[in-house]
Amino acid sequence: MKLTINGAEHEVDAPPDMPLLWVLRDLLGLTGTKFGCGLAQCGACTVHVDGAPRRSCVTPVSAAAGKAITTIEGLSPDGRHPAQRAWAELDVVQCGYCQSGQIMSAAALLAAKPAPTDADIDAAMTGNICRCGTYQRIRAAVHRAATLAKGGVS
Amino acid sequence: MKAVTAPSRREFLKTGALISGGLVIGFVIPGAKRFAVAQPRPGRPLVPNAFLRVGSDDTVTVLLAHSEMGQGIWTALPMLIAEELDADWSKIRVEHAEAAPVYAHTVFGMQMTGGSTSTWSEFDRYRQAGATARALLVQAAAQRFGVKPADCRTEKGVVIAGNQRARYGELVAAAAKLPPPKTVPLKDPKDWKIIGKPTKRLDTPEKITGRAQFGMDVRFPGLLTAVVARPPVFGGKVRSFDATAAKAIPGVRKVVRVPTGVAVVADHFWAAKLGRDALKIEWDLGPNAGLDSTALREQFRRLAGTPGTPAAEAGNVADALGKAAKTIEAEYAVPYLAHAPMEPENCTVRIGPGKCEIWTGTQFQTLDQRLAAQITGLKPEQVEVHTTFLGGGFGRRANPTSDFVSEAVQVAKAANAPVKTVWTREDDVHGGYYRPAYLHRARIGLGADGLPVAWRHTVVGQSILVGTPFEPFLVKNGIDATSVEGAFDAPYLKDIPNHRVDLHSPKTGIPVLWWRSVGHSHTAFVMESLIDELAQAAGKDPVEYRRALLKNHRRHLGVLNLAVEKAGWGRRPPQGRARGVAVHESFGSFAAQVAEVSVEDGRIRVHRVVCAIDCGIAVNPETIAAQMESGIAFGLSAALHSALHIKDGRVQESNYHDYRVLRMNEMPVVEVHIVPSTEKPGGIGEVGVPPIAPAVANAVAVLTGQRLRELPLTLPT
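Order-wise, the sequence lines are chains Z and C.
Read in order, the letters of the first sequence are residues 1 to 154 in this note's numbering.
Read in order, the letters of the second sequence are residues 1001 to 1717 in this note's numbering.
Take these hints with a grain of salt, some might be off.
With a cut-off of at most 25 Å between alpha-carbon atoms, the simulated DMTMM-like pairs for lysine to aspartate or glutamate come out as follows [stated by the list, open to error]: (1) Z/Lys-2 x C/Asp-1267; (2) C/Lys-1200 x Z/Glu-89; (3) C/Lys-1091 x C/Asp-1191; (4) C/Lys-1254 x Z/Asp-78; (5) Z/Lys-113 x C/Asp-1267; (6) C/Lys-1254 x Z/Glu-73; (7) C/Lys-1197 x Z/Asp-78; (8) C/Lys-1200 x Z/Glu-73; (9) C/Lys-1091 x Z/Asp-78; (10) C/Lys-1200 x Z/Asp-78.
Label-pair distances were calculated between CB atoms; the ranges are [as the list claims (entries may be wrong)]: (11) C/Gly-1305 x Z/Ala-52: 54 to 62 Å; (12) Z/Met-1 x C/Ala-1248: 52 to 60 Å; (13) C/Glu-1471 x Z/Ala-52: 52 to 60 Å; (14) C/Arg-1571 x Z/Asp-118: 31 to 39 Å; (15) Z/Met-1 x C/Lys-1355: 32 to 40 Å.
No lab work stands behind these hints, which were simulated from the structure alone.
Keep in mind it's a predicted model, so treat the numbers as computed, not measured.
From the three backbone atoms N, C-alpha and C, an ideal C-beta is built for every residue, glycine too.
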């Protein structure tokens, strides 16, 4: 099976119903995408498939074949996506385990809605659990990322 | 007043230096690699002690004796070293230390992270480590410059004397040849440049790019993954199993029996998980197959009606209750709770000749090391524990039985291969080691002035400590201090002439453990709700009532007054909302919170929380604010959503859909105000949790007239 991940082609030997999450993590070594629940309940495994946020723990790898898959490792070449810059500015992370998924959800939201409201953030981010409770800073960082993106500076 | 019969956590910590000697003897690791002062050759780093290295490239690598699990110790401990070293902050690097005796907790005597102790317990040791390194570098510079050390000053990684300057990296080789000074003076706090300054986390870059290494992310060639089938009931055992179908799954390599169940070992998680699901196991369910949390609640209720072991006692309570102008009686209850950290439990083990290597996110390195040694037949110093980042801990990764570590060692041993044992979320939620359920009953008598004159209080719930290595130190006269902390030593009781706090510690077969804020997670809810009940009965404002009761408790009053001032307590809340307040001391710090709450469609909604915190010297105010926000969110999960139910011995909840936790759309606006203080540092990681549930419950009572005495708070439909 051919997969396009972060712009690169990969040939993987995986059963078609194997979740994309485990193909990424265990077959390809892309461990930035996290396992949290296996049921699309926590969002730690969020990646982009053709630009849309997807819970990779319940996405069969076959459903992602031939599409453009983006993981946290490929969100930006230098870790300076506006969301990442905002996350750093506002000191969002704590344990950090959920943050790949949070940032991927936020990046997808920002791509769809460059100036999200609080209600947009609630709608887009409520599927991402953070047990450390960094939600307040995530909300502020999404707004900040929107501003940074508007500035157009990389 | 009769002295209390059990030491509080703080008393334990105060006297810890004495008793930790016992812990050291118990857990000592003879011959383990010690970090003797190195004798580096030129080009090698300066290693003045076990806690830092200064490289010839000017980098300062700080070795953490504690585990980073979100609480920010990755930044706070380097701040202590950098302060005294006058380091260039941009040159600081951080690593978790290996498990070794030199990294034993300065109070508990074993390498561990817990009890909100990391910053204060290292406050002297890490500053000393930095000061020692600075003294060596200054001495080396003085020799090079031909001046006295006293003529040198240091600034951002450079030693300066007159026009002469030398970077630390240039001085490393010469400094490494010098004997470290026996004593070094520490800075006067007025000269601090780093301590007290809001400082951004050092672990952010790797945590926002997916590069951070959690236990789950450990990989190396030949590493297999295991998923274990464990009994559906606590204490159950495998009677027999058929692995035929499991072995037919592509990628499954081995199926092995381990003491905790049956492990399916495979090339990757998915195969191991499918293999585990395909196992046919006949279980001997053992003695707990009839466990039922509703029946346990009834049992606890019956016990609460009988006298327990006294934890605090003064005066004649029965007599005083009889004479009281008014009495209030109430029962409170809280459920079993899972920690449910975002990273499910996992542990990687490689056993080789004379060596066992462990990679995991753990809060209890020394115990993990000792148990792994017992299982493998090695000496503890032959067990290498490599601590990764923890994807949340909250106490779950500080297990006296090292359950997830020892099981992984058993799996690697039985499979005769390097194995990463991974738990699913369901395994985590079903896996036990819960915050115990508790039931409280209180009968309180008020005098004619409305203030309490008699307080009778019984706590019922499982002991966390009995049967652990901590029992001899923390269970005294039948009282597990963690069951009653925050109640029996509450400031209110100290001034009530007649009081008695009793404890019943029934055994149930359900494994229990500390859960962020431990006993305070229930006692604060009960005590601070009761105080509001009393204020209401006395017809007083809850803040004025607390001020009257806490008049001799300066730091409680300080946070209470700050929180209510910032929350605008005297002003009317926005339409449809009410405010509730709570104040609680835990882990050597004081927190007060005012919650602004509404009820929408029968659902409790928390809009805003104003938090005041007095944690003594505020080492990193940025982290303190973050930990208060975090504690409030964690506490709100328990206040509004989380509960485990057990029926026929089986835990009914399984994943985040039914074991609910707080989500983005429910997060209130949190404002944190830090009380300026020169008191010695207290804890931070857990202190924000206790006040939030009672603050919310108190607001709900104002709003609806209904006093909710059970967590999670649920309005009757």
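Fill in: Structure versus earlier hints - violations, ascending order
4, 5, 6, 7, 12 and 14
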